[in-house]
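Novice: For chain A, the structure is supplied; the task is to place chain B on it using the hints.
Quick mapping for you: the protein sequence lines, in order, are chains A and B. Everything in the first sequence is counted per the numbering used here, starting at 485 for the first residue and increasing by one. Everything in the second sequence is counted per the numbering used here, starting at 6 for the first residue and increasing by one.
Among the hints, a few may not be true.
Simulated crosslink set (DSS-like; lysine-lysine; CA at most 30 Å straight-line) [to be verified]:
#: 1; chain 1: A; residue 1: K615; chain 2: B; residue 2: K20
#: 2; chain 1: B; residue 1: K29; chain 2: A; residue 2: K487
#: 3; chain 1: B; residue 1: K20; chain 2: A; residue 2: K597
#: 4; chain 1: B; residue 1: K111; chain 2: B; residue 2: K20
None of these hints come from the bench; they were simulated from the model. Remember, predicted model here, so these are calculated numbers, not experimental data.
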Amino acid sequence: MKKFPFRLDALETVIVVQAEVQNYEIRLALDTAASQTVIDWNVLLILGYSPNDLRDPVEVETANGILEAWRIKIRNLETLDLHRSDFEVLTYDFFEKGLFSPQDGVLGLDFFKNTILTIDFQKHQVWVSDK
Amino acid sequence: MTTYSIQLKETDRQKIDAFIQFVKSLDFVQSVEAFAKTAPSKKNTGKTANTDGYLSVDEIRRQFPNEWVLLANPVAENVEILGGTVILHDPEKRNMALRGRDLIKKYARVTHFFTGEMPKRATIGLMRKVQTAQP
Chain A
485 MKKFPFRLDA LETVIVVQAE VQNYEIRLAL DTAASQTVID WNVLLILGYS
535 PNDLRDPVEV ETANGILEAW RIKIRNLETL DLHRSDFEVL TYDFFEKGLF
585 SPQDGVLGLD FFKNTILTID FQKHQVWVSD K
Chain B
6 MTTYSIQLKE TDRQKIDAFI QFVKSLDFVQ SVEAFAKTAP SKKNTGKTAN
56 TDGYLSVDEI RRQFPNEWVL LANPVAENVE ILGGTVILHD PEKRNMALRG
106 RDLIKKYARV THFFTGEMPK RATIGLMRKV QTAQP
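Only chain A is shown next, with the shape it has when bound in the complex (with noise of 0.2 Å):
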């Protein structure tokens, strides 16, 4: 079983996790307490998503406030060893909402839904197993 190194945010409540969506590399905040994996729309662009794949929307209670999101299905997404294809993220601007991040979304728990999540903070470590 791989183990992942992470990095504490500046204020060290947020562990940042490298990921990538279709072979582009992003920085995710892994976040427990978030339900479903967020990722900026910014992003989904670059990859040559349109506003066509965007599903219903959904309101969403974030720090920021309440915001409206997009549900989407993206090809794939890849991080801590664990793989996800045709996999539903919701989606909005970052930078229209005002958002200025060096994270590129949120790694909620859907991601890692059968799976076993484990997080040493003495080691800065973090892992995936399904078993």
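Specialist: Below, chain B alone, put in the same frame as chain A:
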């Protein structure tokens, strides 16, 4: 102190990261710096790309302050980007995304980052879904 240069023929980033971690773990190693060189892309016309070769993050920050930078063949250590080939830069993230759509197809691996300072309190945590709006 003696500085040694090691050239790697391996291109698998995970293997390289593991190697760097191993070297760093040796108690007699003071520091490890990556100076990767990538061949210029033949498909790259140079109309949008500003640099063909590898630049370290510090060099990129100096050349393109307070801009979003699209980076091909990035070299990273865990989640820290060390450098790569700049293929696009723009002060606006949206513009970077729109202008970069076709460019990224020419490269096997691409990422982006902002060269300026981020606000200390940037928070993106999704707390909960409130409701599903009607389409």
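Novice: Under the constraints set out in the numbered hints, which ones does this structure not fulfil?
Specialist: none
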